[in-house]
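My request is simple: use the sequences and hints to build the entire structure.
Here's the letter readout for the chains.
There are 6 protein chains.
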Amino acid sequence: MGLNHFDKNGNAVMVDVSDKPVTHRTATAAGSIQVSSEIMAAVKSGNVKKGDVLGVARVAGIMGVKRTSELIPMCHPLPIQKCSVDFETDEDAGMIRVFCTVKTEGKTGVEMEALTGVQVALLTIYDMCKAIDKHMVMSDIHLEEKTGGKSGDFCFEEK
Amino acid sequence: MGLNHFDKNGNAVMVDVSDKPVTHRTATAAGSIQVSSEIMAAVKSGNVKKGDVLGVARVAGIMGVKRTSELIPMCHPLPIQKCSVDFETDEDAGMIRVFCTVKTEGKTGVEMEALTGVQVALLTIYDMCKAIDKHMVMSDIHLEEKTGGKSGDFCFEEK
Amino acid sequence: MGLNHFDKNGNAVMVDVSDKPVTHRTATAAGSIQVSSEIMAAVKSGNVKKGDVLGVARVAGIMGVKRTSELIPMCHPLPIQKCSVDFETDEDAGMIRVFCTVKTEGKTGVEMEALTGVQVALLTIYDMCKAIDKHMVMSDIHLEEKTGGKSGDFCFEEK
Amino acid sequence: MGLNHFDKNGNAVMVDVSDKPVTHRTATAAGSIQVSSEIMAAVKSGNVKKGDVLGVARVAGIMGVKRTSELIPMCHPLPIQKCSVDFETDEDAGMIRVFCTVKTEGKTGVEMEALTGVQVALLTIYDMCKAIDKHMVMSDIHLEEKTGGKSGDFCFEEK
Amino acid sequence: MGLNHFDKNGNAVMVDVSDKPVTHRTATAAGSIQVSSEIMAAVKSGNVKKGDVLGVARVAGIMGVKRTSELIPMCHPLPIQKCSVDFETDEDAGMIRVFCTVKTEGKTGVEMEALTGVQVALLTIYDMCKAIDKHMVMSDIHLEEKTGGKSGDFCFEEK
Amino acid sequence: MGLNHFDKNGNAVMVDVSDKPVTHRTATAAGSIQVSSEIMAAVKSGNVKKGDVLGVARVAGIMGVKRTSELIPMCHPLPIQKCSVDFETDEDAGMIRVFCTVKTEGKTGVEMEALTGVQVALLTIYDMCKAIDKHMVMSDIHLEEKTGGKSGDFCFEEK
Chain A
1 MGLNHFDKNG
11 NAVMVDVSDK
21 PVTHRTATAA
31 GSIQVSSEIM
41 AAVKSGNVKK
51 GDVLGVARVA
61 GIMGVKRTSE
71 LIPMCHPLPI
81 QKCSVDFETD
91 EDAGMIRVFC
101 TVKTEGKTGV
111 EMEALTGVQV
121 ALLTIYDMCK
131 AIDKHMVMSD
141 IHLEEKTGGK
151 SGDFCFEEK
Chain B
1 MGLNHFDKNG
11 NAVMVDVSDK
21 PVTHRTATAA
31 GSIQVSSEIM
41 AAVKSGNVKK
51 GDVLGVARVA
61 GIMGVKRTSE
71 LIPMCHPLPI
81 QKCSVDFETD
91 EDAGMIRVFC
101 TVKTEGKTGV
111 EMEALTGVQV
121 ALLTIYDMCK
131 AIDKHMVMSD
141 IHLEEKTGGK
151 SGDFCFEEK
Chain C
1 MGLNHFDKNG
11 NAVMVDVSDK
21 PVTHRTATAA
31 GSIQVSSEIM
41 AAVKSGNVKK
51 GDVLGVARVA
61 GIMGVKRTSE
71 LIPMCHPLPI
81 QKCSVDFETD
91 EDAGMIRVFC
101 TVKTEGKTGV
111 EMEALTGVQV
121 ALLTIYDMCK
131 AIDKHMVMSD
141 IHLEEKTGGK
151 SGDFCFEEK
Chain D
1 MGLNHFDKNG
11 NAVMVDVSDK
21 PVTHRTATAA
31 GSIQVSSEIM
41 AAVKSGNVKK
51 GDVLGVARVA
61 GIMGVKRTSE
71 LIPMCHPLPI
81 QKCSVDFETD
91 EDAGMIRVFC
101 TVKTEGKTGV
111 EMEALTGVQV
121 ALLTIYDMCK
131 AIDKHMVMSD
141 IHLEEKTGGK
151 SGDFCFEEK
Chain E
1 MGLNHFDKNG
11 NAVMVDVSDK
21 PVTHRTATAA
31 GSIQVSSEIM
41 AAVKSGNVKK
51 GDVLGVARVA
61 GIMGVKRTSE
71 LIPMCHPLPI
81 QKCSVDFETD
91 EDAGMIRVFC
101 TVKTEGKTGV
111 EMEALTGVQV
121 ALLTIYDMCK
131 AIDKHMVMSD
141 IHLEEKTGGK
151 SGDFCFEEK
Chain F
1 MGLNHFDKNG
11 NAVMVDVSDK
21 PVTHRTATAA
31 GSIQVSSEIM
41 AAVKSGNVKK
51 GDVLGVARVA
61 GIMGVKRTSE
71 LIPMCHPLPI
81 QKCSVDFETD
91 EDAGMIRVFC
101 TVKTEGKTGV
111 EMEALTGVQV
121 ALLTIYDMCK
131 AIDKHMVMSD
141 IHLEEKTGGK
151 SGDFCFEEK
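Chains as they are written, first to last, in the numbering used here: chain A, 1 to 159; chain B, 1 to 159; chain C, 1 to 159; chain D, 1 to 159; chain E, 1 to 159; chain F, 1 to 159.
FYI, nobody ran anything at the bench for these hints, they're computed from the structure. It is possible that part of the hints are untrue.
[What the hints assert, rightly or not] Pair by pair, the computed Cβ-Cβ distance ranges are: (1) E:V22 with D:T89: 40 to 48 Å; (2) A:S45 with D:T89: 39 to 47 Å; (3) E:A93 with F:G152: 26 to 34 Å.
[As the list claims (entries may be wrong)] Calculated cross-link-like contacts (lysine-lysine; reagent style DSS-like; alpha-carbon spacing at most 25 Å): (4) A:K82 with A:K134; (5) A:K150 with A:K20; (6) D:K8 with C:K134; (7) D:K8 with B:K20.
Built from N, CA and C at the ideal position, the CB exists for glycine as well.
The structure is reproduced here in structure tokens:
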């Protein structure tokens, strides 16, 4: 199987999905950001009093999911039916992990939507913490799993 | 120095930059995506005939830079004066590296713009290659360097 | 029934509507803006010659309806199938009333779309008349009625 | 003084501000939403555990401010330099009050930005509480004060 | 048949399509831009080395198609299922021709989407070549054909 | 002078304008749409009663101008300081002519903004009249004149 999103002359194209069946589809993406212990402490103390970094990042991620087809050139617009963004903080590793789950009924999947939600949430954490330290690194952003569609279910496995 | 983007009650706020001086500012962000050898071959053969994955990702990244303040809640809108997105492919490592450089004259920096450009370019590569393999992983996304502004110049150093 | 748009941990979420049936749905929202007699006279003389304030506000309101899910964080995107914005001017009360009706077939309702249409139309009237007087007040913005969906029909009643 | 935003033939126009001086400008708008006691209790208990309605509405309001010139047809785009959204809850009156303050340096004011921030915050509160009760009413949305610009300072006075 | 998009009082309205059946729909629009021989030579040499004007214009056109309902006030949002933008260069006539084909299943057609794709692609060519010569003229932009929907198939004929 | 918007390797780039001086700039673009006599009659009778096609198209054109840098990939965002859209109807020729004038103070010109305003206004006329006849053709879209900037003043001359 070759690159999708190109026609036989190699020109970029939003591929024709009109004959594909509408199916229930879900996708979960994950990613993380490595932060200093000072940032971790500030984020973990996050609550309505001290500044809720993860709360703002969650809203940004969910709103970003809805803009996916505006950002990714060949991505089909899809009616998002569910979207959640969750976080795990691992103090020892200095890691904040982000998970984004998206659901739709459509002719294409929501992998790109879930990945975009993760990226926007990570960028928002970066933005809100960068006054403390700019050495944060975002990494391990990948598709965790998806269901539905012709290509079937997918579950990420470390190779 | 604490979390920016929160007021003294812990409420999220787009911080007041009205009294900051306008200075020339640049930022370069970098990131990479790990791909299978099959994807690497498809991308490297990219040209007008076979499908220019990196050309499409470059356009997407540059357009994404201009949407930064729409995506990141507390980010100030800035008049982007220059934006470039560049790629390096490392076949041995199975890595495509993305670099995004942004310039402005403004009261705040363009770090978030450069990082957003990298993320959108990476997402576009993922989107255009995902029919071949969905195990791609985006990583090492960070601010490479910035100049201008009160906090001065910054250059990322591995710690 | 509690707050929607939060999960069991209190985290904001775009709620899962994938199992809800698609039904015909309508919503009508209303609101008003109190204006000075000078503004009322200028608006009422509105026509192609003198400046059609309400015509511009109608276009803005309809276009605003289509942006609802971009503005309201947890709002599902919906395929708008009909949208109208209407006005009533009450010279004695110094009131311009705005009504916005929206239709869709979908898994969630169009209440937020109709309310957003009213708000954007009101803001546009304010913008176009503010050189005369800035004491305008927008008020009484509410959902007038809705049909369709599991929660059934709704008709606003003064309490 | 007549309607701004129309030319001498009555055609809508984004007025020429190119000869106006750049000045520091601020604007504060206010508005409120009347809610049932059940909604008030749910909102007041709002925190990271129970669902932070006002936190989400604040983010939405700030992001909405940045979209003002996209929503209001004749509104000039402006570089927002500060934006905050604050809330007051009045349990006895069943009122949540919203205040939005915006700053810029520009040739036109930020009145519309502040008002748009209030409207989007109010709509978001409505959206997140509407499963409990749809009789909420948004009202008293007005410009509280502004500074800067040729028309000078303005402070809303009840007439 | 009269003007669509107005109600019986002459007020602009997004017409009610809720009772129309969902059908497969396609539309192809075409247009061209007349350029100097110097521009034609630069564009024709376009490839990854010399600058791929048409590649960038193709991406812009496809992304523009997805923004149609944001730009055209009374246009219904539609789930685009396929979009391609193609070019023909006619050196003798000094013409670059643009074709945009769009598919959906919906209650209204994709004529406006196809036309918008052509316009945005043409504007992008103009933007990227204007340093050489600003006398470019865009012309002959029209609907080439459409299928599906109550009004049936349409094929443009020179009159 | 070669293609702008490409670097020396032929990669698309938003060119660096940070060292260019800020100057007053204006641009006027023009274009036309050929319509049937039936459409011409419907448009010319346009007023608040019968449906103001040109009024809606004017609002759309002005709003489109503000979206230019989102639509055209390598276009710099600019603070629009004035925008007007005007129409001329020529019944004998079956032509509606559109003119769009834009002003800014900036480091780059507003040619693309003026052209985009014309295109969006033309598309809106097409959309609102297409129920009568789909043979409309948009043509002769060009830059009429510009002032300001290093490349100096420009006035379109038929060649």
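List of violated hint numbers, smallest to largest: 2, 4, 7
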